[in-house]
Amino acid sequence: MYIRAASNISPQNTFGNQPLLQELAEYTGDRLSCIEPDYKALIDPKLIRRMSRIIKMGVAAGMDCLHQAGIQIPDAIITGTAYGCLEDTNTFLSKMVQQNEEALAPTAFIQSTHNTISAQIALLLQCHQYNNTFVNGGASFENALLDAMMLLYEGEASNVLVGGIDEITNNSHAILKRIGLYRSQPVSNFELFNTPGKGTMAGEGSAFFMLSKDASDADWAKIDGVSSFYKPRNTAEIKQQISIFLQSQNTNVHEIDLVITGNNGDLRNDALYGQLQQYDFANVPAINYKALCGEYPTSSAFAMWLAAHEIKNGTCSFVPESEEIPLKKVLIYNHYENIHHSLILLSAC
Amino acid sequence: MDQPVFIAGAGVISAIGNTVAQNLLSLEQEKTGIAPIQYLDSEHKDEFPVGEVKLSNDELAELSGFKPGISRTAMLSLISAREALTDAGIANLAGLRTGFISANTVGGMDKTEDFFRDFLSDNAKGRLRDVVNHECGAVTNLVADQLGIRHYVSTISTACSSSANAIMYGARLIKNNMLDVVIAGGTDALTRFTLNGFNTLMILDKQPCQPFDANRRGLNLGEGAGYVVLISERIAASLKKELYCTLSGYHNANDAYHQTASSPTGTGSLLAMEGALKRSGLQPADIGYINLHGTGTQNNDSSEGAAISKLFAGHNPKMSPTKAFTGHTLGASGGIEAVFSALAVQRGLVYPNLRFETPMEGFPFTPETRFSSQPEIKHVLSNSFGFGGNCSSLIFSKL
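Protein chains in written order, with the numbering used here: chain A, 1 to 349; chain B, 1001 to 1399.
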């Protein structure tokens, strides 16, 4: 199975797929926000006005991905989003509370449903095919990916559009900050890993991929497999899961050219990655990605875009010593709040 | 790939009962669960009848074993999922690859809306424990942890077709040899958020609803949870108990017409039903009973009716929605109705469309109005359609 195209709206200049991630965007505080493209080129301006921010980001990345792939109607549209359309939910909920359940308008309610983005893409394309949305916390994108890969494997589909989307709103950020997810002192994302502490920086993003059963000239990478596992009891179980996954892909850690891990600058969160890097991944070049996009439940979609992007380039621009090593196999390992853990394996075409 | 998937267990909690047996008894006795709002704390309490589970949050906490204060959505889910799992009677569950695929539409919203009352006046206020399980996935995790399921845990949300898609995804995970056993279905509690949301769409009936009736006025919201236990052929062979049926067909399609309204032609519904028939290798004539989506809104029932008319023209399947009993339970409806459908095919039952009076113009079929025994039924079709054009159909076949 192949990644024929990818589109990524993120806190970095990823949209438009420049060959190198130049001029990295710096954020100071506890939050990285998406750099949004000019939507007018991608979506009918009349529709844009009605869409909330996450719907615009989702639909734009999805449509751009289709456009790049040269596919008009995919055989399936599958999205993963932990929080769904938070801004619309917040709007309707706030008005409902403030207006004591009276004189409410339907738009925010209609758009608050978690499947709005995949539905809007289907509507724009007049796509009557399979349409699904996973809302499974830190495994939402991985579940969507597995669903897509199963459809390709089952012969039900040849081209599947799959995406991971989550947004930050002021209220969601305030709540998650109170829960203790983010740094209490402002930090620069460039310095996130030089000043490890309690909490991380919030992030968001919308990354879409066209997965195809058959190879084409334009493929970015092959997608070999995805696996997610839930609340592992200890590090030994994580190591076992990684080993089972690599075995199932007929490979082993020595064949991995690059590991992309989900470190987020929070000491407790990163301890797990540290243990793996010290032993299991000791001799494998490793990078992490959350200084670029921040922490959010579907950030592995950003990581997959990064992996595919680097494989397409042939070498990893973030690891100087590996410049000479062609990237053949890239493993992504991420966990969100130690609840859902996931592994994604990509390889060069 | 084409290995069959069997249904070995079922669990339901709804406005007409807290167990499968109680639900079946209410269906048989034609006793509706639609009543004035008793438990939901809403300004519209006296305005809209609903299908509430007839238990307070404290009673649900006691029944489920959750500590009081947990989202009602999670409590409903645990009670019904546990019933399904116990019913399946799989002895060595720990040694099997077991999944929990649960759907819902608004997660822990019932607690979030309480939180927001304080939070909106001052964002340092509001009890965090009321908002930590806001996410749809968090509700699933709470229940998975109580059931002791870790191998594969997932949550789907495609509005009112959510739990039909959860069942479909679960079946495919078994067919792809990734899991042996899946508890699949969905849950949703009534919330002010959904009640007010549907009210803004002006599709709530102020009287008990009359689905598929020419004079239908809208839907009644309901709440509950419904799960089936799906198992592979290998596990089926090892079980001593009588299985319900097979899940022989399923299909997911999109209407691609409007964010909330269904197309007048019922394009998405038709594609979903046709696709499910194709997968099961059946013809329209083989379907003995259709558990309609039948919400009671003008739009759904005429759209679904158009698709049914086209696909089943010249045939005579019995059909009825069961939402006049339960109300529209949104993310739970596909799960609850999957259980009703599994029972219908196993025991040869047809459920009545309560309060039905006048046939819809141009619709060539008349929904069943009495509970009856129909032992000749071999295949049952269940429809679930939702916002975003999401249309899914499931087919249950007699063993």
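Think of the hints as simulated: they come from the structure by calculation, not from any bench. Quick caveat: nothing in here was measured; it's all calculated off a predicted structure. All C-beta atoms in this analysis are idealised placements derived from N, C-alpha and C, irrespective of residue type, glycine included. Each hint should be verified, as a subset may be incorrect.
Facing chain B, according to a computed beta carbon distance under 8 Å, are these residues of chain A, among others [said to hold, decoys possible]:
id : residue
1  : Q129
2  : N132
3  : I175
4  : N234
5  : T235
Quick list of simulated restraints, FRET-style, between CB atoms [unchecked claim]:
id : chain 1 : residue 1 : chain 2 : residue 2 : range
6  : B       : E1059     : A       : P106      : 29 to 37 Å
7  : B       : L1239     : A       : K231      : 24 to 32 Å
8  : B       : K1067     : A       : A236      : 50 to 58 Å
9  : A       : Q185      : B       : Q1298     : 53 to 61 Å
Hint check results:
no.: 1; hint: Q129; result: holds (7 Å)
no.: 2; hint: N132; result: holds (6 Å)
no.: 3; hint: I175; result: holds (6 Å)
no.: 4; hint: N234; result: violated (13 Å)
no.: 5; hint: T235; result: violated (16 Å)
no.: 6; hint: B:E1059 - A:P106: 29 to 37 Å; result: holds (34 Å)
no.: 7; hint: B:L1239 - A:K231: 24 to 32 Å; result: holds (28 Å)
no.: 8; hint: B:K1067 - A:A236: 50 to 58 Å; result: violated (31 Å)
no.: 9; hint: A:Q185 - B:Q1298: 53 to 61 Å; result: holds (57 Å)
Hints 4, 5 and 8 from the list above are not met by this structure, while the remaining hints are.
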